[in-house]
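Asks: One letter stands for each residue in the lines below.
Protein chains: 2
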Amino acid sequence: MAFEIDPQLQADTHQLGRMSFSHILLHRNSSLPWFILVPETDLTEFIDLPERKQSLLMREATLVGQFLKEHWELHKTNLATLGNVVAQLHLHVIGRFADDPCWPRPVWGNLPAGHPWSAEKLRTIQVMLQTIVPEFVPADELSGS
Amino acid sequence: MAFEIDPQLQADTHQLGRMSFSHILLHRNSSLPWFILVPETDLTEFIDLPERKQSLLMREATLVGQFLKEHWELHKTNLATLGNVVAQLHLHVIGRFADDPCWPRPVWGNLPAGHPWSAEKLRTIQVMLQTIVPEFVPADELSGS
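Protein chains in written order, with our numbering: chain A, -12 to 132; chain B, -12 to 132.
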């Protein structure tokens, strides 16, 4: 059966494309560059992934984190896999600024509603991702954008 | 200069001991098994660690996660490295229950004050850690316990 991204994640994000192991999503709230990696696996816990797949996922998170650092003037990168609400394994890679709307609190439950990303900015992010993440394949159409 | 754990982390936790790369701390609030790994590095971002050290840290987090699963009836494991408040690199490994005091919200800013761990329970956790984490070395004295 084809891999499907959880409907709640789909509703909350733009699907930008995919890398070797993970789909890259971008949260619709443009207050922050908030990426979510969804690796193609049925396992729901990071610690249950075989070591090779753990490394692959963290390598992809690192590439996205380097992309964040290169294109935004970040104060911090937040990495987290929680899964209390959406069980499907997903890893947040979030760029934080000392003057962002919920600094220094974590984004979950604290980030006020913000403007959506413009279609142009989404395209630009896809193009920029291709320059730093060699295996990035953009989604044909930005889901729901 | 000797490596020092951030004073805020020291104040919030018991220092249980260390593994190859990380010190293992346990948050003083016993509502949840909330471990914090502090790797011996001056880098503050996970994504800036060399790949070998990233793998080492995630391996240690996985061992602690397996220990959690073995000794508590968990609903979920939360893994996160935020660092918005304490800059020193640290990785949360938190066991969550569907009936815990802040489920399904993340613990940060949401977990009500809870009872401290008993000295006996802390010793038991140290002993249990030794059985599942081969390189675990317990702290001579539980800091501040």
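These are computed hints drawn from the structure, not numbers from a lab.
Where hints are given, some of them may not hold.
Identical copies look the same in the list; a pair holds intra-copy or inter-copy alike.
Unchecked claim - Result set (DSS-like, lysine-lysine): computed pairs, CA atoms no more than 27 angstroms apart in a straight line: (1) K40 / K63; (2) K56 / K40; (3) K108 / K40.
Asks: Using 27 angstroms as the alpha carbon limit, work out where K56 and K40 are close: within a copy, between copies, both or neither.
Replies: Classified as both: same-chain Cα gap 24 angstroms, cross-chain 20 angstroms, threshold 27 angstroms.
Asks: At most 27 angstroms between C-alpha atoms: does K108 with K40 qualify within a copy, between copies, both, or neither?
Replies: So K108 and K40 fail the 27 angstroms test inside a copy (31 angstroms) and across (34 angstroms) alike.
Asks: Using 27 angstroms as the alpha carbon limit, work out where K40 and K63 are close: within a copy, between copies, both or neither.
Replies: The answer is both: 25 angstroms in one copy and 19 angstroms across copies each meet 27 angstroms.
Taken one by one, the earlier hints fail for this structure only at number 3.
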